[in-house]
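All chains, full assembly: derive it from the sequences and hints.
Protein chains: 2
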Amino acid sequence: MKVHPECAQCLLKRIIYETRLGGADIEKQYVATEIALKALSERFSPHVCSAEIATDVHRVVYDLLGKDPYENAKKKSNEIALQLLPKARGMVELSENPFRTAVLCSIIGNVLDFGIRSDFENAEVLLEKFDSLCAEGLGYDDTEKIMELARNSRVAYLTDNCGEIAFDTLLIEQLKKLGASITLIVRGEPILTDATMEDVKELEMDKIVYKVTTTGRFAVGIPFWDMPEELERELESADLIIAKGMANYETLSEMDYRPVAYLLRTKCHPVASGMGLEKDINAAKLYK
Amino acid sequence: MKVHPECAQCLLKRIIYETRLGGADIEKQYVATEIALKALSERFSPHVCSAEIATDVHRVVYDLLGKDPYENAKKKSNEIALQLLPKARGMVELSENPFRTAVLCSIIGNVLDFGIRSDFENAEVLLEKFDSLCAEGLGYDDTEKIMELARNSRVAYLTDNCGEIAFDTLLIEQLKKLGASITLIVRGEPILTDATMEDVKELEMDKIVYKVTTTGRFAVGIPFWDMPEELERELESADLIIAKGMANYETLSEMDYRPVAYLLRTKCHPVASGMGLEKDINAAKLYK
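Residue numbers (our numbering), protein chains in the order written: chain A, 1 to 288; chain B, 1001 to 1288.
One should not assume that every hint holds.
Said to hold, decoys possible - Partial chain A-side listing against chain B, Cβ under 7 Å, derived:
id	residue
1	P5
2	T33
3	L37
4	R217
Unchecked claim - Once the Cα atoms are required to be at most 20 Å apart in a straight line, the calculated EDC-like pairs of lysine to aspartate or glutamate come out as:
id	chain 1	residue 1	chain 2	residue 2
5	B	K1038	A	E79
6	B	K1207	B	E1079
7	A	K28	B	E1144
8	A	K2	B	E1148
9	B	K1002	A	E79
10	A	K13	B	E1006
11	B	K1177	B	E1148
12	B	K1002	A	E34
13	B	K1211	B	E1234
14	A	K129	A	E79
15	B	K1013	A	E42
16	B	K1177	B	E1144
17	B	K1038	B	E1027
18	A	K13	B	E1034
19	B	K1038	A	D56
None of these hints come from the bench; they were simulated from the model.
Predicted, not measured: the structure shown is a model, and the values here were computed from it.
Beta carbons are placed, not taken as given, at the ideal position from N, Cα and C, and that holds for glycine.
See the structure below:
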């Protein structure tokens, strides 16, 4: 996906947020804004992928902060997601269509903010939000087709956030029941709230999949401009790619791999319209 | 007020909004974003006034659009405000403290979005919003002191938006009852939704004040970096300056004129904290 005019303000908002989360004082917040504006101004062009620009802008800010501002938030979000997981697992088990329910739960994992922002920290609020998202269901539903493609196949599963990744186990379990062999792909370095190998190990997810590999570097989504060979091989050889969240869409949509099933919440207008979907829906959309 | 890190994203959001309002196609929206980012990146510094940067950024975007994107919205907002004015006037007349109620109404005029955004276009929604803002009252209330200073004095009244300016007539009427002689100060050129001489004439407000003058140029707030002599004289000789809205605060706070009564809604964190106030309150605050 190419960057959209709306992306600039959104990216700057995120920069301020992460700068504060990283404990920067007001002087450092000014510097972060200045270097982010400079990087954004230099890189912004209708021909460049949104995630490529975002990667460059976050890079200069992380370098300024000298640390991963999301480190604590990530740990916390995994803990909170694990507390909610039994409820979600119960729903999948009781469902008439466990695969679809597992897809929905994994998308809800992409929406819930497990302790990153304060308003969802409260367990009660989180449960309410979970229930209301379940009630919404899938606004776009290709799960039947996705299920057929997954049967006895090689699946490359691109993860997104911490917290969310715990919910992905439910879908991984369903995929395995269909005889799928799963390669989990996480970020190569800590970036935003995205899951890395450390999270996979912490949640012991490496024990339930065939293989885990990474995107190899600091990048929002998949670094199509600098792909590790192994990642390239995995995506090429997969019978089905399952991609969670918007950043994976933003980057995978720049490449030709097929079939790809995007499981995400359409949180912004550029992604929603790029996918031909309404904004703010839970979507499971297959690109054959 | 110096620019705040949060201002960058807010300004960019406004730029995208006005570019679309001005009917720009997607290609022009990209160009607007690029030139706005460039201007913002060049100007952004903790030592520069927020409104000065905003002026420069809006300038390049207006030049690109080749027209005033808010032209229609401004006309419409005056019309809608006039429809609501009898209700507000009735409230002032029935009030135990007509001056305070007129101050509150003039601040509510600063909050209501008279047809600029679609969600307030509906007359019913607008009335509901008006009532709920009235019920909120003043979150910071220096009206007693302001009233005392206004008695038999020379008042320089700095206006803000179209629509809002119609509501200002209620406060002007109260000021005149106190024996004040009022010089109304509007923007020198169309910028954002701000009132200009054209609006004053259309609403026949020139007939109810002693004098009307302008800020002389295209500027967000008061162009303290390039002041017309007449404006300087008016502000120097005034016994009391009444300043409506945030942009007037952002610029007047860079100058030494006193006393100044700011009548505004604290719509953002930087202005609220700069004034030592809570965000999202109706405030009448006097600086002696």
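Q: Against the earlier hints, flag every one the structure doesn't satisfy and list their numbers going up.
A: Numbers 4, 5, 7, 8 and 9 - these are the hints that the structure violates, sorted from lowest upward.
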